[in-house]
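Visitor: Below, each chain spelled out in residue letters.
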Amino acid sequence: MEWGPILRTIRRNKARFGLIAVEVALTLAVVVNCLALIAEARVKMARPSGFDDDNLLQVESTPFDEAFREEGYRRNGLRVDLETLRAIPGVRSVMNTGFLPWQGGGSSGTFKVVGKDGPSLRSQLYNADEGLIDTLGVRLIQGRSFNRPDVERDTERLRQLFASDRPRGPDGAPRNKFLQEVVVSKAWAQLAFGDGPYVGKLLEDSDTDQYQIIGVFEPFYNPYAWDIGDYAMFYGNLGSSYEAGSDFLVRAEPGQAAGLMRTIEGALVKQNQLRTVKVQLISDVRDNFFGPQRMIVVLMGLVAVLLVIVTGLGIVGVTSFLVTERTRQIGTRRALGATMVDIVRYFLLENWLVTSIGIAGGIGLAVGLNLALLSWTEGAKLEVGTVIAGAVLLWLLGLGSALVPSLRAARTSPAVATRSV
Amino acid sequence: MLAYQLRIAWKSLMRNPGHSLIVAGGIALGVAVSTLFATVRHSFAKDPIPEKSDSLYYVRMDSWGPHEGYPGDTISPQVTYQDMNGLMRSDIPVRQSGMFKAQLYVFPDAKIGRPQREIVRLCFADFFGMFDVPFKYGSAWDEKADKGPEPVVVLSEEMNERLFGGENSVGRSVRIENRHFRVVGVLDRWRPGIKFYDLTQAQVQAPEPVYIPFEFVRAMELRTAGNSDGWKSPDQRGFAGFLASETTWIQFWVELPTAQHLERYRAFVDAYTLEQRKGGRFQRPLDNRVTSIPDLMKELNIVPKEANATMVVSLLFLLICSLNLIGLLLGKLLARGSEIGVRRAMGARRLDVFMQHILECELVALAGGAVGLLLALGGIEAVNLWTKTMFQRDDFFRIDWTMAGFAAVAALVAGLVAGAYPAFRVCRIAPAVHLKSQ
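As you go down the protein sequences, you meet chains S and L in turn. FYI, my numbering numbers position 236 of the first sequence as 244, with every residue one higher than the one before it. FYI, my numbering numbers position 176 of the second sequence as 178, with every residue one higher than the one before it.
Fair warning: there could be bad hints in the mix.
[Claimed, not checked] Listed below are the simulated PhoX-like cross-link pairs for lysine-lysine, each with C-alpha atoms no more than 20 Å apart in a straight line: (1) L/Lys-307 <-> S/Lys-52; (2) L/Lys-300 <-> L/Lys-197; (3) S/Lys-185 <-> S/Lys-120; (4) L/Lys-197 <-> L/Lys-54; (5) L/Lys-334 <-> L/Lys-197; (6) L/Lys-307 <-> L/Lys-197; (7) S/Lys-120 <-> L/Lys-234; (8) S/Lys-389 <-> S/Lys-52; (9) S/Lys-52 <-> S/Lys-120; (10) S/Lys-185 <-> L/Lys-234; (11) L/Lys-197 <-> L/Lys-48; (12) L/Lys-234 <-> L/Lys-280; (13) S/Lys-209 <-> S/Lys-185; (14) S/Lys-389 <-> L/Lys-307; (15) L/Lys-390 <-> S/Lys-22; (16) S/Lys-286 <-> L/Lys-300; (17) S/Lys-124 <-> S/Lys-209; (18) L/Lys-13 <-> L/Lys-334.
[Stated by the list, open to error] To list a few chain S residues with every Cβ distance to chain L over 10 Å, as calculated: (19) Ile-141; (20) Val-392; (21) Leu-415.
Read the hints as simulated data drawn from the structure, not as lab findings. Computed from a prediction, not measured in an experiment: that's the story for all the values here. For every residue, glycine included, the Cβ atom is placed at its ideal position computed from N, Cα and C.
The shape of chain L in the complex, shown without the other chains:
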C-alpha cells in the first residue's frame, strides 16, 4: 500500500516539478537558517563531556575579606594556591587536579623556527584521566612526576606536528623557557565543545597545545596568564609572597563517582574552611561550592544571550517559510480537483486523500530538509572561518548527529505545517462537482 502511495506521490510531484522545487526550496531555506542558528546555540550549550557530567565537580570557596565580598554577588571563580594544597590532602576524590595556564616560550629546533610563546597548562597527572583526554602516542605522566616535579611534557597533536613533524616523539626533548622537558605523551585530536575545565577566559578556544606538571610553578616561578583576583596585597614580597597570598588564580576539579563521595567531599570542604577560620581566614559566612559541569554552565551563562534570541528568531523564520508554502500548495488544489474527484468517486476515503497529500508534502519536505542541512553545513563552515580570528579555533561550531536530527524534525514539522490545511481542503472536495464539468 505504501509503495502504491509513494508511486502516486512521485507521479504527482513530477507532474509539476517546478512547483515541487519551489516548495522544497522554501523548506530548504527555513531548515538551513534554523539549523544554522540552532547549531550556534547547541555548540555552546551541549554537555562537553557527557559521560562524566555527573562525576566531575568544580570547587570554589568564598575566601574573600571580611568587609566586602567578591564583586557581583558571587564568589571568586578560582581558588588560592594555599587552598588548592589544603584541598588536595583529601583522599575522597578518585582523581583531582588544580590547574592554570601560563604563557611560556617553546623553543623548536633552530631549523624549524624562532621560539614562540605558547599557552601551557600546568596540571596534575589526574587531569588526563579525569577528563578522558585521548592519547595518540605515549600516555600521561605519573604521580611520581607530579611530586618531583619531573621535567615531562604532553603535547597536543598540532604541537607535535609543528615540533616533530607528527612522528611519535615520546622520549624526545623539548625546551620550554630555560629547561628541557621529556615528551611522555602526544594527544590525539581533542576537541570538547567549550573549554569546560577552564571557563574563566576564552571558553571557546581549543585546549592548550602543551601540558607540564603543576609543581613547576615553584621551580620556574610561573605566573598565570589567566585571570587572577585578590582582595588583599601579599604579606611578603616576591614569588613566595604571591604563592602564600589571598590571590585566587587556580581552577580546581575533583572526580566524585557517587552521591556518597559528593556528600562526604562537601563535608570535607566545609570542615577545611572551618579549620582555616580558626587561623583568621574565611571570615565570611560559609559559602563553598562543589558544582557539576551542567550547573556551572548555567551559573556562568555559558550560552550567550544572543544565541538564544537568534535561535528563537530562526525558528520563527522556519514557521513563516512553511506558512508561505500553504498558499502555493492550495493553488495546486485547483489544478488537481478533477483527479481527486475521480479518486473519491472510485472509492478513496477522505482519510486516504488526506494522507496521500501529507505524504507528498513530507517527501518534498525531506528533500528540502536534506538540501537545507547541506546549506547549513556550508553556513557553519563560513561562520567557523569568520570566527577563527576571534577564537583562534576554526571548528567550534559543529553540526553533530543531534543537529542533523534537529534538521530532519524541523523539515517534517515544516512539511506538516505547510501541508495540513491544503490536505484538509483537498480531501473535502465533493466528487460530483468535478465529475460534472468534464
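Just chain S, with the same shape it has in the complex:
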C-alpha cells in the first residue's frame, strides 16, 4: 500500500484535499439534518388516529332556511337524516357528532376527579350517539357504549337543562347538579384515575356538574393544542343548531368511501333542499392536516438528493484536476511498472482517506448543526442511525465519484511521461 506517498501528497496539497474534506463534512452535516427533519415529519405522519380513517367520511349539513330555527323541525330532520344515511348501501355505520378527526382541534373542557384536589385536567369533549364504537372502528375495553334509549334520554335532559337559567348557590356553582354519562378514551381514564377499572368513576367540571364513566375504549388520537390529543370524552346527544347545522361521521364498507360522497350528498339534499351538504373524506382531512409535513418530506428530500449530486460532481471535478495535474507522475509510475490496478487503487485510497477525514469532521459538524438548530428553531433531534446512514452514503459517494477520474488516470499511457520533459 502506498500510504507514504499518499500522506506526503496530501500534506503538500492541503488546500485541494482540504476542499474535498470540507465538502464531504458539510454535505454530511446538511444531509443528515435534512434526513432528521424528514424523519421527524414522518414520525408525526405515521401516528395513527386509531380509527378506520380510510373508510370514514364527514358530512356537514348547514341550513339556510328559517324553518330550521325551530328545534322540533331540526330534531325531526336530524332523525330522518340518520335513517337516510344508514339506509345507503355501502354505509356500514353512522353517528351524529361534532367530532371531526384530523381537524387539528375540536372542543374541549377542564375536569377534576370528584373528591380530589389539584389542578384540573383538560380533555376533548364531543357529542356522540349509539354509533360511536362501530363508526370510529375502535375497541370497547370496559363497560358499554351508548344505546338508543340512552341517547334519546340524554338529549332530552340536556335540552331541558339549557332551556332555562340555573339558579346558583353562594359558591357560584349551580344548585342543581347535572349528571352526564360518558364513554371515554383509555388514555384519559388512565390520566384521571391511574389504573382501572374505570366504570362508575366520576369527574366534575368547573360548574361541579358530574360525568360518570360508563365505558372505556381505545385507541384514540386527535391532535389538539395543549397536548391533549389522546384524551377524549363522548356524551350522548343528538346535536343540531341553526348556526352550526348538524354533522355526521359515516363509516363506509372497505374501499367504498370515495364512491359514496356523491350518493350521500344527493340523498340528504333530496330529503331537504333548504341547506347545503358538504361531504369530505377523512383521509383528505388528514392529508390536509399533514400538508406542511408532506411538504417538508418532499422539499428536504429534494435538497438532500441535489446536495449529494452536487457534491459527487464536485469530487469528480477536484479529483480530475488532481489527476490532470499529476499526469506525468502517473506516466512515470506506469513506465516503471505500476499496473492500471495500482493506479486506480492509489487514487481510490487517497480519496478514501480524505473522505474519511471529511466524514469524521462531518459527524462533529452534523451534531453541532443539529444542536444549533435544536436550540434556535427546535429542529428535529438527530438519531445515531441517521448519522451512520449518512456517513456510509458519503463514503460510497466519495469512492464512486473518485472512480471515474481514477479510471481515466489508469489509462494514462507510460509514453506520456517521456513527452514534453
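Keeping the supplied structure of chain S fixed, place chain L upon it in accordance with the hints.
Guide: Chain L alone, transformed into the frame defined by chain S:
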C-alpha cells in the same frame, strides 16, 4: 479600465462556455434553493403592515378565574364582549375596533347560484382606516352605521366579482342570512402577508370576503366561527347569557399614534381592570397586554419552526454548491497558466490578476443568480399551488424586492466563496515557469 476588464472577462468566459455554464448552473441551483426557502420563511416573518407597525396595538387582559389561569402559562388571546364594550369607552385611541368572524349564508342572485356559507368579518368602521384597507369602489361605512347598526356591507374584490360580475356595486343589495345589506364599498386587492388582525386561527388565509357592522352580532344573534375560550359557564341561558359571559371570542385592536398615547392607554386599561375588580371580576394578578404587531408575532411564534430550520439548511446548501465550484475553477487555472504568465510578465500586478478573476466569477455568479431567481419564482408558484388546498389561498408565498435582493447578494457571496481561493492561486503564478515551457 472596467470596460477593458469586462472585455477580457467575457473573452475568457467564452473560451470555455461549457465550463462557465456549469459554474453558473451550480450557483443558479444554490441560489434557487436558498431563495425558495428564504421566501417561505420571509412570507411568515415579514411585517404585514410596516407603515403602521409602531401605532397598531392588540389588546388582551387576564380575565380568567381566580383558581386557574389560561392554559399554557399565558393569557387568553381574545377579550370578552363586555370588556370590548368597556374598552371602547376610551377616547385615547385615534381608531379602535373589536372584531370576529362568523360563517353566514350569502345569497347570490338565483341565476348565479345557490346560497353559500361565507366567512364574514364583523367589525367597526375604524377597521378599514386603521389597517389601511384599499377600496376600489365606494368606501367604509361611517360611525352612524356602526351605532344603528345600519345594514351596510363591504365586499372583497373577489366576492364582488362573484356576486356582481366585478362592476361597481355600490348601492346594490346583498342578502346575508335573512337580511338585506346595502353595498357601501368594494375592496381593491388586499393581500397582507399573514392575516395579522386575527392571529387566532388560519393565519395564512386571505382576508375575509364580506364585512358588516359589529353590532349585528346582537340583532342577528351571531356566534363566532373562530375560537372561543371561557372558564365559567354563562350565568344566564341563551344569547344574552353568551354576550354577558366570561367567554373570550373578540379580537380587539387600537391605533395609538405616539408613545404618550400608548402610555396613557395602558394606564386606562389597568384602571378599567381595577374598576372591574371591585365588582368581583379580574381576581388574578394584573396582567394586561397592549402589544405591537412585531411583538405579537414573536410571542405567538408566527414563523413555523420548520421554516427556520429549512432556511438554515438551504443556506448551507448554497455554501456547499459554491465550495464545489472551487475545484472546477482551480482546474481552469491549469489551462490558463501560460496566459497569466504572459500578463504578469507584461506588467500586470498580482492584484490586477486577482481582481480580474474575481470579476469573471462574479459575472458568472450574477448570471447564475438571475437564473436561480427565475427557478425560485417557478418553485414558489409550485409551492403556492400545492398549499392552496391547505390555506385556501394561492398567493401567500411571494418573492418581493427584499427576496430578489437576497438572491442577488446570495449569488455575489457564492461567487466570492467559489472564486476567492482560485483567484488567489492564479495571481501567485510565477511568470517565468510558464514563459519557459512555451
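Visitor: For every hint, state whether the structure bears it out.
Guide: Right, here's what the structure says about each hint:
no.: 1; hint: L/Lys-307 <-> S/Lys-52; in the structure: holds (15 Å)
no.: 2; hint: L/Lys-300 <-> L/Lys-197; in the structure: holds (15 Å)
no.: 3; hint: S/Lys-185 <-> S/Lys-120; in the structure: holds (15 Å)
no.: 4; hint: L/Lys-197 <-> L/Lys-54; in the structure: holds (15 Å)
no.: 5; hint: L/Lys-334 <-> L/Lys-197; in the structure: violated (52 Å)
no.: 6; hint: L/Lys-307 <-> L/Lys-197; in the structure: holds (19 Å)
no.: 7; hint: S/Lys-120 <-> L/Lys-234; in the structure: holds (14 Å)
no.: 8; hint: S/Lys-389 <-> S/Lys-52; in the structure: holds (13 Å)
no.: 9; hint: S/Lys-52 <-> S/Lys-120; in the structure: violated (30 Å)
no.: 10; hint: S/Lys-185 <-> L/Lys-234; in the structure: holds (15 Å)
no.: 11; hint: L/Lys-197 <-> L/Lys-48; in the structure: holds (12 Å)
no.: 12; hint: L/Lys-234 <-> L/Lys-280; in the structure: holds (19 Å)
no.: 13; hint: S/Lys-209 <-> S/Lys-185; in the structure: holds (16 Å)
no.: 14; hint: S/Lys-389 <-> L/Lys-307; in the structure: holds (13 Å)
no.: 15; hint: L/Lys-390 <-> S/Lys-22; in the structure: violated (51 Å)
no.: 16; hint: S/Lys-286 <-> L/Lys-300; in the structure: violated (37 Å)
no.: 17; hint: S/Lys-124 <-> S/Lys-209; in the structure: holds (12 Å)
no.: 18; hint: L/Lys-13 <-> L/Lys-334; in the structure: holds (14 Å)
no.: 19; hint: Ile-141; in the structure: holds (29 Å)
no.: 20; hint: Val-392; in the structure: holds (20 Å)
no.: 21; hint: Leu-415; in the structure: holds (18 Å)
Going through the hint list in order, the structure does not satisfy hints 5, 9, 15, 16.
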